[in-house]
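Take a look at the letters that make up each chain.
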Amino acid sequence: MSGNLVEDLFDALCEIPLIDPHSHIDPRAPVSKSLDDILNYHYYTELAHSAGMPKDLLAPDADPQLRVASIIRYMDKFDNTAQYSWFLEIAQEFLGFSGMKITVADTDKLWNLADRTFAAKTWEDTVFKRTKLEAIFLTNEFDDSLDGFDTKRYIPCLRADTLVFGLHETEVKARLARVTGIEVGDPATLDEALMKLFENFIRHNAKACAISLPPGFTPSRDAHPMSPEGIFRAIAGKCRDFLIPFDLMIGVNRNVYAQGVHRGHDLFDQRTSLIQYAELFNDFPEVTFPVSVLTSNQNQELASYAWIFPNVVCSGHWWYSNIPIHIARDLRARLQSVPKTKLVGYYSDAYKLEFVLPKYHMYRGILSEILANDYVENGFMSETEAVKLGKYLLRDNVREIFRV
Amino acid sequence: MSGNLVEDLFDALCEIPLIDPHSHIDPRAPVSKSLDDILNYHYYTELAHSAGMPKDLLAPDADPQLRVASIIRYMDKFDNTAQYSWFLEIAQEFLGFSGMKITVADTDKLWNLADRTFAAKTWEDTVFKRTKLEAIFLTNEFDDSLDGFDTKRYIPCLRADTLVFGLHETEVKARLARVTGIEVGDPATLDEALMKLFENFIRHNAKACAISLPPGFTPSRDAHPMSPEGIFRAIAGKCRDFLIPFDLMIGVNRNVYAQGVHRGHDLFDQRTSLIQYAELFNDFPEVTFPVSVLTSNQNQELASYAWIFPNVVCSGHWWYSNIPIHIARDLRARLQSVPKTKLVGYYSDAYKLEFVLPKYHMYRGILSEILANDYVENGFMSETEAVKLGKYLLRDNVREIFRV
Amino acid sequence: MSGNLVEDLFDALCEIPLIDPHSHIDPRAPVSKSLDDILNYHYYTELAHSAGMPKDLLAPDADPQLRVASIIRYMDKFDNTAQYSWFLEIAQEFLGFSGMKITVADTDKLWNLADRTFAAKTWEDTVFKRTKLEAIFLTNEFDDSLDGFDTKRYIPCLRADTLVFGLHETEVKARLARVTGIEVGDPATLDEALMKLFENFIRHNAKACAISLPPGFTPSRDAHPMSPEGIFRAIAGKCRDFLIPFDLMIGVNRNVYAQGVHRGHDLFDQRTSLIQYAELFNDFPEVTFPVSVLTSNQNQELASYAWIFPNVVCSGHWWYSNIPIHIARDLRARLQSVPKTKLVGYYSDAYKLEFVLPKYHMYRGILSEILANDYVENGFMSETEAVKLGKYLLRDNVREIFRV
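Chains as they are written, first to last, in this note's numbering: chain A, 116 to 519; chain B, 116 to 519; chain C, 116 to 519.
In isolation and in its complexed conformation, chain A is listed as follows (with noise of 0.2 angstroms):
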């Protein structure tokens, strides 16, 4: 393949501006301000904990400079993995680090370039400019405030897995009592308090309602109406009424590895089907469901189901299978079998913006590839055509879809 084809496809990529339909980001510290909140990310301690890194300094309230120190020096036990890649990119393209490799030698180095870079007053707007980011999605809780930020920046979306999965508990049905001034305790209630939910968000600018599901999850049609299907139900329900779409994010246990890192507790069994969601995808042909899936294993019937159903989106690459050989062939089957514009092709689930551009450069390297090898080489498209293509997945859907 020629090289330069790939290249430049990616840079063609790298123009198109980004708005990013997922991450955690909070949007009152939206971006880093020391190395420990780079370094501190789930996926880092992580690997440092699998590679033998004790506990002690990961715990939240050890010292940050120790534990990004720790880190580092454990980093020469995964910096084979994708996730070191994108630390890496933020050194090399946040921070000005010049070399190739990090080593212990480098942590006082950075972490004074992180304090000196992140200290700046224009920073958040320079990592938005840098990455050329337009607006991103957040994931609100139900009662989070959604006033002090810029909302056409930040766009909120409401998090349903509360909701859903904790209404049984007291604290939950008071924390909803406060935001909408209803005691739920049957459809009628719950249909109310869904719909001041909603409206609130609505009026925020909530561009959609997200949720992340078990793998045995099946919300049929004779579910309960106060089961945590039931509930999941009413809410497909007012995505419907209010037109947003409901990202379903399928496939993880919570809690599997009870003593590890913090966020580092959740993995999957990949025994798990879509046929779970053919009543729910039946039942309303009005709501687009952007769906992802956690391993790979799902990605031919994600695509099949996209294929059939108007209604079913394909979502990014999340969690467990963002990583390259993962992406590389879940995307091509996609990019194979499905309408192009039923491909949301990229979140980066984020919890700081430093980490958008590392990994949308990740996807755009391998999306060029594919559409060097798949599409132009071999006379199928043009490369402006390629181009375009790549649009659909980098921008146009998200726009079309969740009417940004």
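Honestly, I wouldn't trust all of these hints.
Since copy identity is lost for identical chains, a pair holds within one copy or between any two.
[What the hints assert, rightly or not] When the alpha-carbon atoms are kept at most 35 angstroms apart in a straight line, the in silico DSBU-like pairs for lysine-lysine are as follows:
1. Lys192 - Lys224
2. Lys503 - Lys244
3. Lys503 - Lys224
4. Lys503 - Lys170
5. Lys192 - Lys503
Simulated from the structure, these hints should not be mistaken for laboratory data. Treat the numbers as computed from the prediction; the structure is a model and nothing was measured.
With chain A's structure known, arrange chains B and C on it following the hints.
Same frame as chain A, but now just chains B and C:
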């Protein structure tokens, strides 16, 4: 990789005359009469509908020319897919279309080209010749008439779906009584009726029995003889007695999207295993089972079962797995671990003969890349030997296994 | 990709002395005595039988020279496979065979070459030297004698299968009583017996315990202590106390094809998950579990569990997954997401030492392509660093994890 080598192998593979071992051709209307016969194929109506095309023009009684125009209009949304590439190739190879991309502006031209081309009295023979097609298997209902066509060219194959899953229905029983003269009510009358059916099919040159099966199907030894599993095993017994292979097409859930377009209702559940067929493979060692799996996930099982069981054969790349990335991976796994004499490489699954060529072209393109990369370039085989290996998959094994 | 780079990496990887962490070598008959010792390997008898070879010559008491002649005759039907390529390489590397393809005409020549070559007194040492093999792990029944061989070269490993799945049988109980002096009937006597077994194995330089497990096995916390799951957990406890890793080889169904050739009866059910072992991994944090999975489908789970759990390690490419396409995909996924210190790259699983070289060659070929493509060509690593990464997989991690 040397592009020339791949092209040379591809050209050599294209010289091999084909016997297509599975299709849905109607031997009395084997070729298209209008462009609607091409584009009303469920692969196009599914994608157009999935991309947003309303269902009115997709109804059976809608105007064919308006339907074609509308599908081409929606094609703009799925011109990234393998399915689209088949259509482009049909337009180029059979209709003399010279463009690289089909747009709305081409609609009338293509419609007229098709009309003119398909009107030729010799069109059926022309397609056979250009496709280098020698013979093609049909999929016949048990009460189809097998008279009035050349069964050397259109080889009958008994489709067992209705018998296995419908025999409890009064109407199916009546149809069976009509063609066999036997009212089936117990294992003895079932055996008699099957005997008559098989005698009739074999007399008409039938070379196989075939069935599609849902993911959960488990034809165990102790099934009730009049249950689907029991009837299935009775049919396997007839395949043994009449010396024909039993094609198993494993993994489809029917009617998952009930509101879908014609033939676009079916999907699957990846959670299925060939272990469900272990008793069958053990109990019928004299029957050859060419097995197709619906998902690429099942391919390692298929290759491994074919590696171990003398009577299990890998067969084609079915439906949702008939996509380049899945074919490439599944085919390499089979070639690397299963005797070459046990690989039925491909079948078209076509409803109209015009699809045999582009589908086999896709397959031969992938096969030639694998032969070049995995066998010739590393010095493991000469180019001539590699083509011979390809010939097993494209022709020799069909002749040997189905005794054509 | 530069062919030279791949070759250079391959050559450098071939210089690394091997410690093979899993085999079925008999330390008292480690090398072949005739060509039948090579071709009677179940990988060949399975494929020959699957391709049509009758079972009479595959019976244990059949004439070895006639069997070899027949297998070579059937080899013509599976000369496309990876398994065949190992044999070709053995003929070339060890027997001085100079052809590129083995045919029936070579039978006598190969038989005689093998006879002459294997008769050399120094043959065992020669194989060790040419293979650059330092040591190789055995798989010992609990009552195997561990005396009379060099346990630094042939490292004992306790196979737990019989204890876990057979202890309800009178004969197994009697065998256990014979070697430990203890009649096991309850948890206390089980503990005593295991203690004696482990003491004996550790005294003889055993470095691991290993077991193969069926797809449905779930060793949960509340298992009855004398059930297979309970005994399994008791053995895990002994691994903790004696500081040795517990190799889990997950996913095999025994005796699926009961009429198969010797060792060719076993297959699998892809529907299995590491979630079944979550309680085990949590309850025995001090035990390292090198996990092998039988299907490539399970590899993403394996990589993800090793990414999260400090005590889970990825191990080799087992049996039906020891095929280039599966190795390549599984290895890339592991390298891209798991600390390099947690990857036991490969083991031969060999019954005769001659197989270590061609199997590791296959692996090193794939590894060198991945290192070139994913690490060196994109500037992420130097060639030297890439070889060092390979060394972790081929040697360093075996030494570290098994304390060799």
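Broken hints, by number
Of the numbered hints given earlier, the structure breaks none, since each of them holds.
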